[in-house]
Structures are given as structure tokens and as C-alpha cells.
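*Asks:* So you can see what is in the structure, the chains are spelled out below.
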Amino acid sequence: MEIIGIIDYGSGNIHSATKAFENVAKDLKKEIKILRIHNAADIKPCDRIVLPGVGAFKDCKAGLINIDGLVPTLEKKILDEGAPFLGICVGMQLLADIGFEGETTPGFGWIPGVVDKIPATASLKIPHMGWNNIKFNRAHSIFNGLENKEETIVYFVHSYYFQVKKMEDLLGVCDYGSEITAVIGKDNIIGCQFHPEKSQKIGLKFIKNFINWSP
Amino acid sequence: MLKSRIIPCLDVNKGRVVKGTNFVNLRDAGDPVEVAKIYDEQGADEVCFLDITASHENRDTIYDIVRKTAEVCFMPLTVGGGVSKIEHIRTLLLSGADKVSVNSAAVKDNNFVRYAADKYGSQCIVVAVDAKKNDAQNKWEVYTHGGRINTEIDVLHYVERIVSLGAGELLITSMDKDGTRSGFDNTLIKQITDIVNVPVIASGGVGNLQHLVDGIKLGHADAVLAASIFHFGEYTINEAKQYMKERGINVR
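Here the protein sequences line up with chains A and B, keeping their order.
Our numbering puts the first residue of the first sequence at 1, with every later residue one more than the last.
Our numbering puts the first residue of the second sequence at 1001, with every later residue one more than the last.
Simulated from the structure, these hints should not be mistaken for laboratory data.
Bear in mind the structure is a predicted one, so any value in this text is a computation, not a measurement.
Treat the hints loosely; a few may be bogus.
[To be verified] Covered stretches of chain B, as calculated for chain A (at least 3 residues, CB under 8 Å):
{"hint": "1", "stretch": "1031 to 1045"}
{"hint": "2", "stretch": "1074 to 1081"}
{"hint": "3", "stretch": "1087 to 1096"}
{"hint": "4", "stretch": "1120 to 1130"}
{"hint": "5", "stretch": "1192 to 1202"}
Just so it is clear, CB atoms sit at the ideal spot from N, CA and C, and this is done for glycine as well.
Please construct the entire structure, taking both the sequences and the accompanying hints into account.
*Replies:* In C-alpha cells form, the structure reads like this:
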């Protein structure tokens, strides 16, 4: 049996994310248990880790730091042991070196880059809220079964975005005034700005790909 | 490119779906979870629950409905009605709502919006405005408490202020149009979309698919909300999207 741990630190989308993973897991051949991670010890048995996130960068960071020993245990699990990791929305943004939302706040620094406000223009509305199509920068198992065309549309809701330092970490983008980071990835780590748990069939497919992914 | 959204709205009374006509006559249209599921399957871009009895009754019913909906629908969910405390927002978000709409409480204390946006992010705070034209003074006025109280506040001033405090989206309902099936008040919607830099949802008055097109083209709305044309099976979401697509609107 494989255990997928979803970190529960009071983030708004924890319920939806858990239910989406459960929904995908029940149709798969391998036996999967979805576990909510509340403390550092919960991380140990997990084979894969999901970090959801809604709200402000600094609040999410504080929420994780406030759980005793969680961040070091997580780093060991992901960076040393190589467990597959998926960060969703702010959970993805936290992978950056630094976030500029409100107060400047350091991130985990797992994927080089910064999180800054979406460049505003007169006609561009912030937040970037709604359904937008994504383009793949390169092939990756996380896109299995998804087509690199107009119809691959997912749900976004955010005002800040991840600017990668290395282009090779940028897996997918969407067009919102300029090219906005939609999916990033490096080694066993994936992050998506959109909400797969809210993106109907395409989102569930993305989750399925993550569960099946062997980096 | 960002798509124009279609949002079916379910008015919920004591755990059942109803649709108010000018906020007075209510008709029962079923279980909200089941109806949301149908809209999910039809490809709705989002579903909105408005708990119309929330101010007076136990709130647990709506939390339970949101929780059950989030278990079967993997689409964005906006919930409003009687939201007056930070605790309500917190519980709704944890139950699976993506956005919470605030109406009377935002008018009563504008800083409630600032506080909520600081705590949970602007992206999940929708401010719902019930607007009615005052012809004598040639302005729209903000109504609260389900349209029962006229605050005499100028809608255009109000939306500017509430967005500056952190509202991440506006849901604008024309009380003059609601229930008339004669289309949105696109003059109102256009004036609002001209002055704010957040997404605007047009609501109130949809009677046919052309009205949805007009809301986007004439009102410049980012999303269009409708209830009865979908609830009673007159049109499916798919039909609405097809119609809009044929008229040049970028839909999913």
C-alpha cells in the first residue's frame, strides 16, 4: 500500500484537495491511502507528499513553521529521500527562494526563483481568476494523457506568480498579459499554480499522473 | 487566454434549492448537492450557493451542503448568504468553498472586507452588491438584507472603496432586473467594470442565452450568473457555451 500525505496546516483547500485525491485513488489499481499530515511524525510513513495552499505567502509559511519540526522533516523526506512532492498554488510558490507578497518572506528555496505580483496593465484584472489554457514547455510524466493545446484548460486564482530562475524548471505556462508560470518541476518536485482539485476532469488527470509518477 | 465564465447560482433555503423572483416568490428545485453535480457534469465553470435564510437560521446546514458538494464536485464553489463573521468565512473555506461572498456585513463595516482579505487573501473574498436604480437622483443605490434595506449608498462609490480594501471579485445583482427575465442591467455592469480592476460577475435578469452574451459584450462582465434558465432545464450549460462561442465569446 502506498501512502499519500497531504499537509494540513489550516489551508483553505485541504478538504477539496483530500477529496480529489481520494476520488482519483479509488479508481487506481494500486492500493492507496490518503493521510492528512498534522505533525512531523505523520510525514515518516508517507510515500508522496502534497502541499496545498490558499491565502498569503507569509501566512502559509508561518502556518508550516508553527508545526514543530515539520519543515526539517519534510526537507529530509523530499530532498534527501526523494519522495515525490506536489505543491499546489501557494504550496507551489513556497518552493521559491523568496516571496514578495506583503512582507518579504523566505521560501523553501527548493526551486530557484521568486514570487512576485503579476505585472499589471490597464486592462488586466488582478487576481488572475478563472479558467485558462496551459502550454507545456517540455514533455513530462505529469502531462501524460493531456494534450498540449487550447483545450487543456485549468482553474487559476492568484495575484502573485512564480518567476523561475532556470528555464529548465519551467514545465508549463499560461497566457495572462504575459507568460505566467503554471507548472514547475525539478527532480522529484512538482508545483502547479492552478488548482487541480478544482479543474474537473483535467485536474483529476493531473492528480492521477502525480500518483503514478516515478521520478 | 482567460475564459468568460458561466456560473449557475443556487439559492438555498433550509438546505433546498429555490429561486426567488424579485426576492419574494420561492420555487423548490431540489437538493443542492445533486443540482451542483449536474452542473459539474455539464461543464459549469463554477457554482454559487446563496444561503438566503442564513441570517435567521442555524448555519450548520450550509456547511454540511458545502462539504458534501466538495466531495463530489471538483470545480470552484462560491458560497454566500449571511456571512458576517470571520469565523463563517473560515468554516466555509475549510468545508470546501473556494470563495465566500459577503454582502450586508461588508456594507455595515467596510473594514470587515479588509480584515477578511488580509487573513484569507483577496482571491477568496467576493463582495456581493444588490443594486437598484434611483431614477430621481440618476444613481444606483446599495441595498442590504436580501434587498429589504436601502442604504442610499452610491453603488459606484461603494465598489471602488470595497475593492481598494481588498475585495477580490464583485458579484453585482440588479434588483430592478432580477426575476424579470429581460437581461442584465448592462449599463450598471459596464460602469462598474470601467472603474474596478477585479473580476465582475453580472447577475439578475437572465431570461435567454443572448442575455449571457450581452453581459459579456455590453457589460464587459468577466462572468455571468444565472439561475432559473438552468434550474428548470430550459437550457443546459453546454448549450449556453455553444451559443456564446458562436457569437465570438471565449468560453471553455
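*Asks:* Next, verify each hint and record whether it holds.
*Replies:* Now for the hints, and whether the structure bears them out:
no.: 1; hint: 1031 to 1045; verdict: holds (count 3)
no.: 2; hint: 1074 to 1081; verdict: holds (count 3)
no.: 3; hint: 1087 to 1096; verdict: holds (count 4)
no.: 4; hint: 1120 to 1130; verdict: holds (count 5)
no.: 5; hint: 1192 to 1202; verdict: holds (count 3)
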